[in-house]
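Construct all of the structure, not just a fragment, from the sequences and the given hints.
Residue numbers (this note's numbering), protein chains in the order written: chain U, 1 to 610; chain A, 1 to 117.
Simulated from the structure, these hints should not be mistaken for laboratory data. There may be inaccurate statements among the hints.
Just the calculated beta-carbon pair ranges, DEER-fashion [to be verified]: (1) U:K608 / A:P73: 24 to 32 Å; (2) A:A39 / U:A564: 51 to 59 Å; (3) A:E61 / U:F528: 16 to 24 Å; (4) U:N48 / A:P73: 47 to 55 Å; (5) A:E61 / U:H276: 39 to 47 Å; (6) A:P73 / U:A503: 21 to 29 Å; (7) U:R466 / A:P73: 49 to 57 Å; (8) U:A507 / A:P73: 20 to 28 Å; (9) A:A39 / U:K608: 50 to 58 Å; (10) U:D496 / A:P73: 50 to 58 Å; (11) A:P73 / U:E490: 46 to 54 Å.
Positions of the beta carbon are idealized from the N, C-alpha and C atoms, including for glycine.
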Amino acid sequence: MLVSMPFMDAHRPSIQLGLLKSLAAAHGFPVRTLHAYLSFAAQIGLENYQELAQHRGSMVGEWLFSLAAFRAAAPDPDSHFVADLASDLSYLAVSPAELRSRLTRLREVDVPAFLDSLVEAVPWHEMAVVGFSSTFQQNAASFALARRLKEQHPNIFTVFGGANFDGDMGPEFVRAFDFIDAAIIGEADESFPRLLGALAQGSDLRAVPGIALRVDGALRVTPPLPPIRQLDDLPAPDYEDYFALAETLGILAPGQRRGIWLPIETSRGCWWGVKHHCTFCGLNATTMQFRAKSASRVLDELALQARRYRSFHFEAVDNILEPSYLNDLFPALAETEAGYELFYEVKANLDREQVKLMAAAGVAHIQPGLESLSSHVLGLMRKGVRAVQNVNLLRWCEYYGIRVSWNLLWGFPGETEQDYVEQAAAIPHLHHLQPPASADRIWLERFSPLFTGDDTRGLTGKTPERSYRYVYPDNVDLERVAYFFDYQDEGSLAEDAFAAVRAAVEAWSGAWRAESRPRLTYSSAPHFVQIADQRHLGQDGTYTFEDTLADLYLACSNKPTTAAAVRRKLDLRLAEKAIQEVFAEFERRGLMFLDGQFALALALPAVKSR
Amino acid sequence: MPSVEFSRQEIENLAEKLASFHAELSEREWALLLAIFSAARDNVEVLAPATGPPPTEPTLEDLREQIINAFIPGNDMVFSVYIRIGHLTPPPPPPPPTPTSEPRLDPATPDAPPAQP
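Written out as structure tokens, the structure is:
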């Protein structure tokens with residue numbers, strides 16, 4: 001049995017479980033999957049559950065299950081967590097009393113009831129192995145169930161894996177908790193079937209690569225295999241158990257399968273990270289090497305999964321788009337009338353034609369990792385793009401109807417107050433583009449260069465994020481199991497340096513939520529352009545430019561361009577410096593975004609999607 | 001007939017010589033000569049000069065001035081055009097009424113048969 005515990009998003013099947021089930025089945029091991037988070041969601045109410053599952057701040061989900069997982073050893077039996085971290089938990093309730101009431105009821109009533117029913121509902125005695133996949137806040141719930149299962153069925157072999165067990169984290173958990181028999185460190189595609197084979201044959205588990213286990217009371221970690229290279233050889237994930245349970249529990253009504261975004265893996269690793277690891281990114285601890293499925297394999301998998309599960313929505317779990325898909329997969333999808341809608345994480349240096357192609361291929365939602373509107377800050381984080389490219393991507397995504405999820409981050413060593421003064425000044429001109437979902441200080445993640453200090457100045461004064469202390473017992477080395485860290489870096493800017501940007505982003509988000517969205521559009525004829533400015537309520541107006549001014553503006557619409565390039569293209573006698581002066585005049589009116597030598601027209605064509 | 005190019009100077013020289021014959025020609029001969037030139041005019045293509053005076057390009061100050069005057073408040077782009085160019089041009093006529101039934105893309109093509117179940 002493979003289990004995924006709270007707090008996974010209830011509207012997603014677990015790709016970890018789905019893939020491992022298919023892999024094990026291919027090796028002749030009958031496997032069932034239990035998306036147990038659905039049961040907890042049904043028990044406490046879907047909306048209540050999703051509020052907890054979708055938050056990535058303090059470890060409230062872990063804390064809720066810590067008492068059940070660690071019992072007398074749990075560090076916070078009296079629930080000081082609620083008062084101590086109240087400011088981080090304000091999204092959960094309106095008053096401190098309500099917050100305390102809600103969380104303590106969940107912890108002391110709902111969680112034990114859920115675990116009891118889970119132990120009763122499944123014929124665990126039929127299981128030889130129970131595997132837990134854990135990412136973000138799934139550890140404590142998984143530990144709580146594993147502990148109960150081992151107490152009632154001591155012969156069950158428990159194995160853990162997932163991102164929470166990568167690097168030092170997995171071995172430390174195996175050392176600390178005897179209800180964990182083994183953990184797979186890193187990719188499990190080969191290790192997991194080999195572990196099942198060794199258990200079935202009764203052979204020495206120390207021969208299984210890439211696992212942590214206790215041997216005679218001592219921790220042993222076996223050497224890992226290199227990451228799997230041929231992703232085309234992997235089977236398609238099996239999500240049947242997810243849909244069956246979701247429909248049984250009423251989380252998914254009949255006919256609603258179309259609303260589920262099916263996770264699909266088309267690549268692993270990060271080709272950009274291999275060259276320049278973004279300083280804040282803690283993904284791909286041991287598996288940065290980039291590998292991708294072929295376009296034909298992806299097309300086959302999309303068709304297979306759509307037909308199996310009756311959904312045309314696919315969420316790629318990839319960290320970055322395989323560039324060759326712009327040459328083969330997306331043109332092929334654009335030619336079909338399949339009707340898929342896709343989500344991808346992408347690098348932000350896509351141009352207009354590429355965005356247009358992706359939209360035609362069915363890419364409806366992207367996460368481009370924009371992170372900042374300052375080229376200086378983007379350079380500090382090694383993103384490999386300029387701010388003007390970020391803005392241009394927002395423009396063409398808005399034009400071609402692709403939703404963009406992104407965050408605006410700060411807190412990087414070396415940034416200056418001026419970086420944020422400039423961003424705060426530019427943001428009011430961007431109200432016609434999609435705003436960031438959040439604007440806040442970076443989280444310090446294990447494995448990131450800011451954590452390790454590899455090839456960059458790392459953040460100093462780091463300690464495990466404070467809520468871990470309310471979750472894990474004393475025998476756990478938090479330095480080895482924490483993924484998020486607090487830091488007190490002396491070189492960082494003070495919070496008030498970001499106040500203006502924070503306020504500007506709030507205004508941007510507010511404008512975007514208004515009944516009538518802000519717009520900045522242009523209509524053009526040869527040597528003539530009119531720009532309708534409807535970005536700010538009560539300040540609507542029209543700019544009309546003819547001849548040289550129109551030509552200069554339109555020359556900067558497709559992509560960021562320099563004055564020198566525009567001068568050559570238009571064969572102007574006007575000096576380069578004079579053209580830069582004109583660009584500056586456009587910028588003062590919020591009609592252009594300037595970034596070093598580069599200029600970008602901000603208005604979008606009034607005619608739609610050509 | 002192959003095309004032949006003549007310069008403006010050649011044309012002016014010929015016109016001067018023909019003008020000198022005017023006194024020696026009768027009214028009908030002169031009318032015939034004009035008729036010949038009139039017929040030929042329809043087969044003549046006037047070419048733009050290969051080189052001419054350089055096109056004028058605005059200065060930075062011109063462009064700045066245009067930018068300053070480019071904005072007109074309000075949210076009706078069409079209205080702003082009439083004001084900007086300084087003419088009291090009447091607005092365009094209203095669009096023709098929408099037909100009650102949508103025209104087919106190709107009237108000659110019969111309706112497609114219903115989809116097979």
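How the hints compare with the structure:
1. U:K608 / A:P73: 24 to 32 Å: holds (26 Å)
2. A:A39 / U:A564: 51 to 59 Å: holds (54 Å)
3. A:E61 / U:F528: 16 to 24 Å: Given a distance of about 21 Å, which is inside 16 to 24 Å, the answer is holds.
4. U:N48 / A:P73: 47 to 55 Å: holds (49 Å)
5. A:E61 / U:H276: 39 to 47 Å: holds (45 Å)
6. A:P73 / U:A503: 21 to 29 Å: holds (26 Å)
7. U:R466 / A:P73: 49 to 57 Å: Cβ of R466 (chain U) to Cβ of P73 (chain A): about 52 Å, so the range 49 to 57 Å holds.
8. U:A507 / A:P73: 20 to 28 Å: holds (21 Å)
9. A:A39 / U:K608: 50 to 58 Å: Given a distance of about 53 Å, which is inside 50 to 58 Å, the answer is holds.
10. U:D496 / A:P73: 50 to 58 Å: violated (36 Å)
11. A:P73 / U:E490: 46 to 54 Å: Hint holds: Cβ distance 50 Å, inside 46 to 54 Å.
Hint 10 alone, counting from the list given before, is not met by this structure.
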